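Participant: Sequence:
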Amino acid sequence: MSLMFLVLLLLRHTEGGYECSKDRCGEARNEQHACHCSEDCLTRGDCCTNYKKLCKGDTSWLQDECEDMRTAECPAGFVRSPLIILTVDGFRASYVKRGNAVIPHIEKLRTCGTHAPYMRPVYPSKTFPNLYSLATGLYPESHGIVGNSMYDPTFDASFSLRSREKLNHRWWGGQPIWITALKQGVKAASFFWPVAIAVERRILTMLQWLHLPEGDRPYVYAMHSEQPDTYGHRMGPMGTDLNNPLRAIDRVVGQLMDGLKQMKLHRCVNIILVGDHGMEEAHCDRTEFLSNYLTSVDDITLIPGSLGRIRARHPNSKYDPKAVVANLTCRRADQHFKPYLKQHLPKRLHYANNRRIEDIHLLVDRKWHVARYCSSRDVLIQIKVLGLFH
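For the sequence shown, the positions run -16 to -1, 1 to 374 when mature numbering (1 follows the signal peptide of the UniProt record, and there is no 0) is used.
Incorrect hints may appear among the rest.
[Claimed, not checked] Pair ranges (Cβ atoms, derived):
no.	residue 1	residue 2	range
1	R94	P299	48 to 58 Å
2	D200	D42	23 to 33 Å
3	D283	S126	28 to 38 Å
4	A12	E265	12 to 22 Å
5	R64	H298	49 to 59 Å
6	N337	A77	43 to 53 Å
The hints are simulated quantities; they were obtained by calculation from the structure and are not laboratory data. The structure presented is a predicted model; accordingly, all values stated were derived computationally and were not measured. Even glycine gets a Cβ: it sits at the ideal position worked out from N, Cα and C.
Please build the complete structure, drawing on both the sequences and the hints.
Facilitator: What follows is the structure, encoded as structure tokens:
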């Protein structure tokens, strides 16, 4: 089945919403519904995740006490515990401190399970490099996804989140966990890029995959949510305006846990919930413009933002990386970035050994970002980068 056909199929079956209501309990089956509240839905594995709670009087997963489980308790037909990896975009570590009032399901996972106070992202602190590092265990210089956007001089091609080129396998090095699983004879399933499909629909699809017969059922699942990153950029990461988007993500986690409990899998599966990177406050008046430091910026291409990357705009130009770095070094007492040739970047960043990594990098002060020059386009970029890391 092609990805496009799968997307169209899932988009078509969205009637009825993603939850049961009292008037839907015991309904006649309607195959156009995203999930079902009919008497046969448990047998068929396509109930809405609140079916047993609303229609049968069961408790929700959130209402149950923490359990001290020494071993997995799996239903018949499961030869091992499935692994579910759920990544949430731009989930700053401090969001966890908002607790039960905002994220009760995530808080229960944290308190009943094992957690770390924070995770340190790989450099650069962007979505695609970090997601693929989580999947492969490699640094970006090794797996090749060195940014959300990048240029490969050998391919003479550009990669970006909005281009179809990102689907070309030639960019993706290393071996992600789902391929490792397949090579070990374990089926895997991932649900990352069809952003047109609601996250609730993705959860329901994953639960239906878990209901497949043993020979067809995946045991490794990876799913990504684009939120709360979008709202973090729009609203900033510090204010209470972000509470409602965080509640929406938490409801999805609750949907997953209720669905697993309904299938008697909540004591069986292993779940990893992780953010791909954090987010920092930024302000439009905290921008360094390279035009204030260089005589001309017309012969360079800058990847702007909180992590500046510079390369030649034209392949045959007289661009000299060493000269550019010299012209950008210690020019002002209040300078808010430090230029590096990539081979001189701190070794802890592991960000030099790949042809897609630009010759020059600007390590920018916290809460600052960099642009080529002040223009209407750069102002739009600054507004977009309200939350720095993405």
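Participant: Would you mind marking each hint as holding or not holding in the structure?
Facilitator: Checked hints:
1. R94 - P299: 48 to 58 Å: holds, 50 Å
2. D200 - D42: 23 to 33 Å: Cβ of D200 to Cβ of D42: about 28 Å, so the range 23 to 33 Å holds.
3. D283 - S126: 28 to 38 Å: holds, 31 Å
4. A12 - E265: 12 to 22 Å: Roughly 52 Å apart at Cβ, these two residues miss the hinted range, so it is violated.
5. R64 - H298: 49 to 59 Å: For R64 and H298 the Cβ distance comes to about 55 Å; the hint holds.
6. N337 - A77: 43 to 53 Å: violated, 29 Å
Going through the hint list in order, the structure does not satisfy hints 4, 6.
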